[in-house]
Amino acid sequence: MKPLSRKNVNRILSDIRRPGKKISRTGKAFSPRIGEDSRKPFLIRNGFPNFFKKASVGVLITVIILIVAVSFYLWVFKAEVTGATYIIYEDFKSAGRNLLNLDNDSVSNSLENVDLQVNNLSNKAGILSIIPAFKQIPEIFSTIKRLTTLLRDVNSNVADLKSKGLGIISGGGEFLGALKDLRRNIASINEISLELRNKLSDFEVLSANSDSGYIAVSTDMMRLGESLDSIVSILEKPGKTHFLVLFENPSEIRPAGGFVGSYADVIFENGVVQEIDVNDIYYPDKFLDIKVIPPKELHGMTRSWGARDANWFFNFPDSAKKIVEFLEASPVYAKEKVKFDGVAAVNVRIIEDILRFTGPVDLPDYKLTLDDTNFLREVQREIESMGSSRAGKDRKQILKAITPKLVHALSGLHDSEKRQLADNLIYRASNKDIKFYFKDEKLQNLVSAAGVAGEVFQIPASFSGDYLAVVDANVAGGKSDAFIKQKIQVVSRVDSGGVLNNNLVVTRVHNGQDEPEKWYKATNVNFIKVFALPDSKLMALTGNSQKIVNALADYKKGAYTADADLGLIEGTANVLKEFKAVSYEESGKTVFATWFNVAAGKTGELNLTYGSARKALLKPGANYVFVFDKQSGVESEFEYTVEAPSGFKWAESGDSIYHYKTTSLPARLMINLTLTSDGN
1 MKPLSRKNVN RILSDIRRPG KKISRTGKAF SPRIGEDSRK PFLIRNGFPN FFKKASVGVL
61 ITVIILIVAV SFYLWVFKAE VTGATYIIYE DFKSAGRNLL NLDNDSVSNS LENVDLQVNN
121 LSNKAGILSI IPAFKQIPEI FSTIKRLTTL LRDVNSNVAD LKSKGLGIIS GGGEFLGALK
181 DLRRNIASIN EISLELRNKL SDFEVLSANS DSGYIAVSTD MMRLGESLDS IVSILEKPGK
241 THFLVLFENP SEIRPAGGFV GSYADVIFEN GVVQEIDVND IYYPDKFLDI KVIPPKELHG
301 MTRSWGARDA NWFFNFPDSA KKIVEFLEAS PVYAKEKVKF DGVAAVNVRI IEDILRFTGP
361 VDLPDYKLTL DDTNFLREVQ REIESMGSSR AGKDRKQILK AITPKLVHAL SGLHDSEKRQ
421 LADNLIYRAS NKDIKFYFKD EKLQNLVSAA GVAGEVFQIP ASFSGDYLAV VDANVAGGKS
481 DAFIKQKIQV VSRVDSGGVL NNNLVVTRVH NGQDEPEKWY KATNVNFIKV FALPDSKLMA
541 LTGNSQKIVN ALADYKKGAY TADADLGLIE GTANVLKEFK AVSYEESGKT VFATWFNVAA
601 GKTGELNLTY GSARKALLKP GANYVFVFDK QSGVESEFEY TVEAPSGFKW AESGDSIYHY
661 KTTSLPARLM INLTLTSDGN
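In terms of this note's numbering, the sequence shown is numbered consecutively and its last residue is 680.
It is possible that some hints are incorrect.
Stated by the list, open to error - Each computed DSBU-like pair below joins lysine-lysine, with the alpha-carbon atoms no more than 35 Å apart: (1) K537 - K602; (2) K339 - K400; (3) K93 - K296; (4) K337 - K367; (5) K442 - K400; (6) K162 - K418; (7) K487 - K518; (8) K286 - K439; (9) K180 - K286; (10) K439 - K296; (11) K580 - K619.
Hints were generated in silico from the structure; no laboratory data involved.
Could you put the whole structure together from the sequences, leaning on the hints where they help?
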């Protein structure tokens, strides 16, 4: 190609110009810089690149600062979240547990703490939503708030049930409606809990504590929801539903509670109580056409076993099932094919509490006014005056007379009084003065989880510690337990090999000597049972009584049958002649049993020394647990002392000796201790 002439090249690009416009060849439109050769091509030098380089460094520094700041913020936030979510976890767990226990105030306190923590974290988490990876964090806290709102609604439903619960007796569908409202809210909680769990799965910082906490609440709510389904189903099922209420008399104590002298068949229809039929327990037994061999200790007072004496097992579900079994077998109920869906056992303290709220009840036909101070004595006097030989419907007419009057008085209470009474009854349930048993497995699981099933503690495989229950059984000792004062003292020693040795002292004082009624000042004839760890061995026993039981019947004749459940226990019996005692297995425990009788005005002291073949775990930080199951209907002063093995002390006392004392035992006492090195 022929090179172009320089004359054809302009410094100014003029390939595109308005037609007719002349371009000066002198280049005035764009003059070269001073000193530059006008013939040199124009070059853009390094000014702009230097600017960009400096700007890039500034941006980089800013980004680094932002990253460090955000990282620090995330680090601080993560630390706060880790601490706060543990608190939230514990509060949710507490809320679920207290809901099962119907403790409204405690639930409210737990949820307020959750709100406080969540609101604090929500405010700090808002800025993180601009980061895609953390966009869901504010949503998680929002979901938690929805969950707490629903839990508040459920708590409100429970409080509502406390005031409307008596509506199930007085009529109307308020109680059933409140149950259904509660069920709907629980269903919503389960849905939100699942949604929350899915959201938490992406955030390890949250799921470490929170996920399990919310799942715990969800599990509690699911259990409660399933139980409510069962309750509603029972109340709404066609026809009549029968529920058994046992009236236990702690003046005549038996292993699962007081002697069941009376009971009520509570008949439901369309969700409300249609009838309350109060009866003497001897009445259905009178018509029982089966002959069952009673427990050996009862052979001298009854020929055949029946519902009246079936409250013999310390584990209440076992006693409840046996009582129901006898009642359903009696022609009184068998001919109508009556089946009891559940059982509630209440003792006289419940009636006294109700009378404290309702005020005195007049019984003109008996020329009596009953209140919380004289109920037991006056009713007992009336029943005893009828004579035990008159075992029939008329023997306990006084209880039939008072029942409708109490129901009427209860319906007249204000809502606030009803809630107070409900709270009082809940306390009684925690004290083992009320116990429940249901044939429905879901309902039974609910009352078990709530601690109102009257069950014996089941020892886990990894258990390191000790177990004790002291169980009294009045056998033809009148109503003398009303004036017995009992004290239980335990001294335990754990040796250097982890072997446990116990000394147990049970002191019983009979203060009924000045009472005018013969049944109160009768000798307290007591068959006492000490429940200990499995494979325990009795080494010494003093202070017990000698009693020979002469059977009223020849059980090899007369078509008597042995009870299978009783046989499982008595079949393990081992007579300890040197101690005038017997040992056997019951409820997964080794039991030492003997007679321990105390005359009116006297004091008896039973002293046992025994040990367990099990070994406690011995190392610094190891847990040691002492469990005591209280007997329903028995109030005891209790004292426990445990000595740590050589080289150890208890963290809780800072010493090798730990001491505990109380005059008011809960249904189940659990003392958790920790071994530490004594540093010597």
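Here is how each hint holds up against the structure:
1. With a CA separation close to 30 Å, the supplied pair K537 and K602 stays within the 35 Å bound.
2. For the hint linking K339 to K400, the alpha-carbon distance of about 22 Å falls within 35 Å, and the restraint holds.
3. Among the hinted pairs, K93 with K296 is inconsistent with the structure: their alpha-carbon atoms are about 46 Å apart, more than 35 Å.
4. With a C-alpha separation of about 39 Å, the suggested pair K337 and K367 falls outside the 35 Å cut-off, and the hint is violated.
5. Taking the CA atoms of K442 and K400, the gap is about 33 Å. The hint holds against a cut of 35 Å.
6. A hinted pair counts as satisfied when its Cα atoms are at most 35 Å apart, and K162 with K418 qualifies at roughly 7 Å.
7. Of the supplied pair hints, the one linking K487 and K518 holds, its CA atoms being roughly 25 Å apart against a limit of 35 Å.
8. Restraint check for K286 and K439: the C-alpha separation of about 26 Å stays at or below 35 Å, so the hint holds.
9. For the hint linking K180 to K286, the alpha-carbon distance of about 42 Å lies beyond 35 Å, and the restraint is violated.
10. About 28 Å separates the Cα atoms of K439 and K296, which keeps this hinted pair within 35 Å; it holds.
11. Note on K580 and K619: the hinted pairing is violated, with a Cα-Cα distance of about 39 Å set against a maximum of 35 Å.
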